[in-house]
Structure formats: C-alpha cells, structure tokens
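From first to last, the protein sequence lines stand for chains A and B.
Numbering-wise, the first sequence is residues -3 to 255 according to this note's numbering.
Numbering-wise, the second sequence is residues 24 to 393 according to this note's numbering.
Some hints could be false.
With a straight-line Cα cutoff of 16 angstroms, these simulated EDC-like cross-link-like pairs (lysine to aspartate or glutamate) come out [said to hold, decoys possible]:
no. : chain 1 : residue 1 : chain 2 : residue 2
1   : B       : 227       : A       : 39
2   : B       : 293       : B       : 368
3   : A       : 46        : B       : 315
4   : B       : 227       : A       : 183
Honestly, the hints are just simulated from the structure, not real lab data.
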Amino acid sequence: MVQTTLEEQIVYSRPESFTDTQTHYCPGCTHGTAHRLVAEVIDEMGIREKMVGVASVGCSVFAYNYFNFDFVQAPHGRAPAMATGVKRVLPDRFVMTYQGDGDLASIGMGEIVAAAARGENITVIFINNANYGMTGGQMAPTTLPGQQTSSSPNGRDVEVDGFPIRTAELLSTLDGASYVVRRSLHDPKNIRMAKKAIRLAFETQKHGLGFSLVELLSVCPTNWGMTPLQAQEWVADVMVPYYPINDFKVHPALANIKA
Amino acid sequence: MAKELLKGNVAIAEAAIRAGMNAYFGYPITPQTELLEWLAKRMPELGRAFVQAESELGAVNMVYGAACTGARVLSSSSSPGVSLMLEGLSYIAGTEVPVVLVDIMRGGPGLGNIAPAQADYNQIVHGGGHGDYHPIVLAPANIQEAIDLTYGAFDLAEKYRALVIILADGSLGQLMEPATLPEMQPVIMRQPEWATYGAAGREKRILSSINLDPPKQEAFNLHLEKRWQEVKKAEIRFMEYYLEDARYAVVSFGTSGRISLSAIRAARAKGIPVGLFRPISLAPFPEQALYELSQRVEGMLVVEMNAGQMLEDVIKITRGKIPVEFYGRMGGMVPMPEEIEAEIERLVDLPLSLNGHPRDRWLDRFSLAN
C-alpha cells in the first residue's frame, strides 16, 4: 500500500482587511471586485492598522461594513475634504476615499479638484459605472451620449444634458496629482491591471508623493438592465472607447517602485 | 499675565491655539478673515495643521474628518459662509464629534454687507441644518469674554461630544481692546474611545451619521435629547447688571448687550431703576433665570441687531405675563446707546400693554423714526 501525504496549500483566502460580511451589492456588480482588490493591497502592504477609510454617498455608502479598518462616512461629495482633515492631523496614517461617479464627479467635483490641486497625500478609489446606482440608475456626469437612464429616458442628449466628464484626464492636468490612471474591472486581465494600479496609488501615498486616484470602470447590471455578462461586454465595447484605459499622470519617482 | 491690546479675531484665534487646538480649516470671509490670517502664520510655526479650504463646504468637512480622529479642531466664518457649512454641521451633530466653530455675524440676508449684525441667531441657536440637534452657542460681549469662551469651548465640546459655536458679530471681530490671553496648554493628540485614527491593536471603529433603521435612529435622537438635557442643567451662563433693585430689565446679548449696558448706566444716572440681563449661553438659554426675573420686574425691553429673533424666545419664556417691548437695528446697523436709552425711557413712561406683538409696535414707530 502506497501512502501519499497531501500537504495543504492555501491559494485563496479572505484578506484580513475584509470583514466576513455579506455585501448589499447587486449580483454581478463590480464593487465587490474593487473592494477585494483594495483589501488585498492593504494586506500586502501591511498597513491595515494604519488605515482610515472615508466612505461616500451612493452604493458604496456601506463600504465601511466590508473593510476591516477604521472608517468615517462623508456627506455626499465631501469625502476628499474629510480625508484632508484626517490626513492633516494624522500624516503617518493611510487615508483612502472610495467614491462613485455621482459623488465624485458631480456633487463633489469641487472637493476632488481642490484636494488634487493641493497635492493632498490621500488615495482615491473612483468607481465609474456611468450612472447613479443607489438611487435607481439616473444620469450621472459619466453617462455616455445617447445612454438611456431613468432621468435621460430618451438617451443622454448632449444638446440638453451636456457631455460626460473624463475625470481621470481632467484631474491629471493638476500639478498636485501624482498618480492618476484609469483601469477597468470587466475581465480578469483588466482586474489584475487594476490591482497593480491600486498598489501604486497606495505606494504614492506611502512615499509622500501626493494625490493618487484610480478610476475603475465598473458594471451596473441592475440599472443598465443587462445580465452581468452583457454588462461586462458593454464596458469593453462602449465604455472603454470613451474612457480609455491609460496612465494619465505618473510621478517619475514611481518608476523605481515595484507594484 | 499682562493685558495686551488685541483685535477680536486675533484674540479668538490665539485663545484657540492656547487651548491646544490641533488643526484649523477655514475660508476667507469678511469680517472674520484676520482669524484665518493669524492662524495661517501661527499654526505652521507651531507645527500644527492649517488648511485654507476651497470653500466653507470644504472647510467644515475637513473639520469633520479631523474631529473624527479625536483632534481639537476649529473653523471660523461669517454668516453667508456659515450658511454653506450647515450641511456639515448637521453631519457633525449626527456623528457626535466635538467641533468648535466661530461665527462672526454680518448683515444679511444674501450677500448683505460686512457690517456687524446678530441675524444668525435663529440659524445657529435653533438649528439651521437638517434634523434634531442642539449646538452649544456662546455669545461674548467683549474681547476678554471671547477669549475665555473660546479657551473653554474645546473642553465643553469634548465633554458632551458636541458642536460649540462662538456667536459674535463683526464689531467684536474687528475692534481692539485690552485683554489677557490664557496660558499655553500643551498640544497633544487625544485618542478618545470613540475616535477613528487607525485600528492598531483594537477592533475597527466606524463614525457615521447614517441610521437606515428608523427605530435605531429614533433611539439615537433620544440619546441626543437626553444629552441636551444634561447640557441644559450644567452649562447655563448669563450676566446680570443692576438688576437687584430694578423695576425694568433690558434683555440683550453680545454687542447689543454691551451697548445696552451703556444706555442703562445713563438711565440709572437719571434715576431710572433699570438693569441688564445678558444671556451668554444662547443655547442652552437661561430660561429659568429669565423667567424668575420676569416675576420681579414690571416690563422688559429686548434689544437685538436683528428683527427680533431672540425676542420670540423671551416672549415664550415670560409666557406673556409681563409686558415686553422690542428695539432692533438690522442690516449691519448698530444701535447707539442714546437710541436704547430713549427706548428705556419710553418703556418707563408709556402705559405698557400685554396686547399685540412687540415687533409690530417696534415696526410702527421704527418706520416713523427713520
């Protein structure tokens, strides 16, 4: 009789920075993916106990329930200002805001531009899903021309509603911004790229280089009226051409930092 | 310590520094700007945090974030800027983080002007932001009092996890007078048991004002109300002048209270038995003391630099049992002592009535006089 010993090797487990909680996110939503990537990066960098997160208003309003570190909850759009307050009194902690497109690029555009211009040493995770998810799929500043939403039922008419905002490109023009990139969460390759970008964003903060932001193209199957698979395809076919996946600003000092 | 000649805005700023303030966030607005300017110089040289925010909206939320860490934190503004802050103040109250705010009031509504006014009384004392909450509101009438109230405001904010608002006006912000600054307290980073500063060696904490479950929200509202009852028991402040033998009382706060005192001294010199009741804590309001006073005097005159905002509280507290008259100046106009003295004489000479509303009578004669 031949005896075999099976050595158990853990290849996948819950990051310590994640709580063991069922999320309120819809099936197929990529908020969970984004959360997971952030939690993994924080674990890998060993900074969980030095983290203060700032939740925003929108679908990610309850992000603080899913991350296992200190969190505060900002009024709608004001997360970068709140994060500034935290960071300025605790400069050795890591401060992150997690904001959607309505929160960051509409009601909170003033706060995010000012924080980036100041070179505020915080990291912003920015979820772009081309609509207001929490309130039921209204037109957002990121809603594409012609895209139907509950408040643009005939499709976004740029003559009336104006044009979408390419947030990462806009913020990258500011001297205070040190790391501004766009990634997508619609397939495994892009998810891996997104994780590297999130790591570099936190490295930017760790090295005191200033403002960092990762825009993440995300799906919203529920409000888009699509299956999760269709939604992922829509990101690839429709969103990515309008919102190119690119590095818009990378501080030269980051070239020597391995993510 | 020796007296120094100090400008109100600077004195308040320096008092906050000496109280161990860790951080200041503000935005320029006349007539409070010297407060921000003083701190722009002083805070960095002391190694403390100072940010000129992009707006009052930014400033109040920076204050909110910093307060969540347990830091001693201040902001200041003037009326229109405070209007913009109200969203944040409601969140701060809903999260129970200690914050001190200075409002150097100016003429309004709208952009109004930059002259002294007291027309934010309702906005500040009776709320302003959404939801049920109670800030502690303290109204100084001179620079020494402004220093002393600011110096103690952080302890008060931390004791009750409350918002403390120093409610002054443009003249107090701008005038200079001799005053004594308090001792410098050591600046420390406090780590209260509720604060979020990184969960090293403990469970994570969340600071939020959201409560989607109405029964839980109601329980929280009840908690805030019970805490306010404690504040009402312990933190009433007011000053009484010449009231021992007074048959008439002027009720007035802040700068108008100070001017009223000049008028009262002149009236006393003429033999009129009048005194001054000056509330310092506008919230909690000295209700019991004012009610007891109303039992002793024959009539009251409320003087404000607005259209009679505290007047409504005085009428409510005196329960319509004694005659109350009102005199106000608005829009950045400051009453002269002679105007108030004439109102005191009118109170004494004319037959007093419990009918009608004092504001209506004031408007009738005010339009005649001007």
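We went through each hint and held it up to the structure:
| no. | hint | in the structure |
| --- | --- | --- |
| 1 | B/227 x A/39 | 15 angstroms, holds |
| 2 | B/293 x B/368 | 10 angstroms, holds |
| 3 | A/46 x B/315 | 55 angstroms, violated |
| 4 | B/227 x A/183 | 32 angstroms, violated |
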